[in-house]
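*Asks:* Given next are the chains, with one letter for each unit.
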Amino acid sequence: EAGVAQSPRYKIIEKRQSVAFWCNPISGHATLYWYQQILGQGPKLLIQFQNNGVVDDSQLPKDRFSAERLKGVDSTLKIQPAKLEDSAVYLCASSLTSAPTLSYFGPGTRLTVT
Amino acid sequence: TQLLEQSPQFLSIQEGENLTVYCNSSSVFSSLQWYRQEPGEGPVLLVTVVTGGEVKKLKRLTFQFGDARKDSSLHITAAQTGDTGLYLCAAYAKGSQGNLIFGKGTKLSVKP
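Here the protein sequences come in this chain order: A and B.
Residue numbering for the first sequence follows the numbering used here, starting at 1 and increasing by one per position.
Residue numbering for the second sequence follows the numbering used here, starting at 1 and increasing by one per position.
Isolated chain A (complex conformation):
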């Protein structure tokens, strides 16, 4: 079974630029999550989708971050404009249903904002 796929794996941008990350969850997984992991910290949930609907985006900085999962399969997370403090690893995870259940994480995209 293929795991959660993410791209790109690494991205370096200058502050105020825009960036987008892509995630393809495990086939058949209805729930998709985006987490932000700042160096030295554990992952923090940004947004949770159930199929193509948003379940929880309470911790998403909506003035600069946006995410979509239009067809209920893959998803994109966008940052516009980026700030220095956005430097982090952005992890995508998926699960068959919503919690409590087993989530599978992708390898992440490491973003460096200079």
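Just to be clear, a hint being listed does not mean it is correct.
The calculated label-pair distances, taken between Cβ atoms and stated as ranges, are [to be verified]:
1. A:Ile38 with B:Ser7: 11 to 21 Å
2. A:Ala30 with B:Thr20: 33 to 43 Å
3. A:Gln41 with B:Val55: 25 to 35 Å
4. A:Glu14 with B:Asp67: 45 to 55 Å
5. B:Asn24 with A:Glu85: 26 to 36 Å
Okay, derived cross-link-like pairs now, DSBU-like style, lysine-lysine, Cα gap no bigger than 35 Å in a straight line [unchecked claim]:
6. A:Lys11 with B:Lys107
7. A:Lys62 with B:Lys94
8. A:Lys83 with B:Lys57
9. B:Lys111 with A:Lys78
10. A:Lys71 with A:Lys44
11. A:Lys83 with B:Lys94
12. A:Lys78 with B:Lys94
13. A:Lys44 with B:Lys70
14. A:Lys62 with B:Lys111
15. B:Lys111 with A:Lys11
16. B:Lys57 with A:Lys44
17. B:Lys104 with A:Lys44
18. A:Lys15 with B:Lys107
19. A:Lys62 with B:Lys70
20. B:Lys56 with A:Lys44
The hints are simulated quantities; they were obtained by calculation from the structure and are not laboratory data.
Built from N, CA and C at the ideal position, the CB exists for glycine as well.
Position chain B against the provided structure of chain A, taking the given hints into account.
*Replies:* Quick look at chain B alone, frame taken from chain A:
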């Protein structure tokens, strides 16, 4: 706010030694999970503990959930270099539908 405090933050040991890492909170959780994350990879689930006082074993790893379901420990016997990684504990936020709260993790380095 539900917080998970992990200790120690860093741990460097020699191969063959035993170690214990801790995950503590003032909140009660219905379940708690332990993950291991290697550099450049996402976290991988090791175990979920559900019942207060529960002990689960995974080869050389022993996980315990506190009686009051507020804390947990992970004990590794005879550590190997392959155990090196970031160990994260996590629990679902109260009333959430999937919001996992993570501790900051314990970064373990096992030297040959």
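*Asks:* Any of the earlier hints contradicted here, and which numbers?
*Replies:* 8, 9, 14
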